[in-house]
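J.: Residue 183 in the UniProt record's numbering sits at position 183 of the sequence shown, and the numbers go up by one each step.
Everything hinted at is true.
Listed next, the in silico EDC-like pairs over lysine to aspartate or glutamate satisfying Cα-Cα at most 16 Å (straight line):
#1 Lys147 to Glu74
#2 Lys147 to Asp29
#3 Lys35 to Asp62
No lab work stands behind these hints, which were simulated from the structure alone.
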Amino acid sequence: MIEIPSDLHKDLVPLAFLLGNWAGAGVHDFPGSEKCNFGQEVSFTHDGRDFLEYHSHTWVLDKDGNKVRPLESEHGFWRIDADRKVEVTMTRDDGVIEIWYGEMAHQKPQIDLVTDAVARTAASRPYSGGKRLYGYVKSDLMWVGEKQTPEVELRPYMSAHLKKVVTPEDVERWAKALPDDMPDDGIAFFK
Numbered sequence: 001m002i003e004i005p006s007d008l009h010k011d012l013v014p015l016a017f018l019l020g021n022w023a024g025a026g027v028h029d030f031p032g033s034e035k036c037n038f039g040q041e042v043s044f045t046h047d048g049r050d051f052l053e054y055h056s057h058t059w060v061l062d063k064d065g066n067k068v069r070p071l072e073s074e075h076g077f078w079r080i081d082a083d084r085k086v087e088v089t090m091t092r093d094d095g096v097i098e099i100w101y102g103e104m105a106h107q108k109p110q111i112d113l114v115t116d117a118v119a120r121t122a123a124s125r126p127y128s129g130g131k132r133l134y135g136y137v138k139s140d141l142m143w144v145g146e147k148q149t150p151e152v153e154l155r156p157y158m159s160a161h162l163k164k165v166v167t168p169e170d171v172e173r174w175a176k177a178l179p180d181d182m183p184d185d186g187i188a189f190f191k
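Construct the complete structure from the given sequences, taking the supplied hints into account.
T.: This is the structure:
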């Protein structure tokens, strides 16, 4: 279910499917890096202004699904214009700052992004750009990332399947929003 908060900036309504806290797992595979499964926590929040704030933390998982060590962290801001063009500014923990541009698909919650600008610190690894695809599929958030370096052509390197994290506050808010005339036997609800 996509919920649109009443205090969400009107321009961000097409991005409402991203809002919330998400958690899940995926696969990381890029030449020169360890191939691994990873866990991920992502949050998209808003404060009433015309952007979503984004945080992502990933960590390497062992064969039993336990956290081994951090993998990547990102922080950024997402905007969308009236023509459904999406703009993302993102900072990574490895010393890379990116500007991404893309657009929302027509009549579905899917976003394609491509890097427009990349800045790197002297300590960062070689990186020259990437692509990302985000989609809301059967109430889950799925994404795939591609990247390139001066030595490696653009290729997929990470993908994940994330589920919405439900908090006790979410349950309380949903319960308060239920109509007073809900059927009490459960069966009548489905008739």
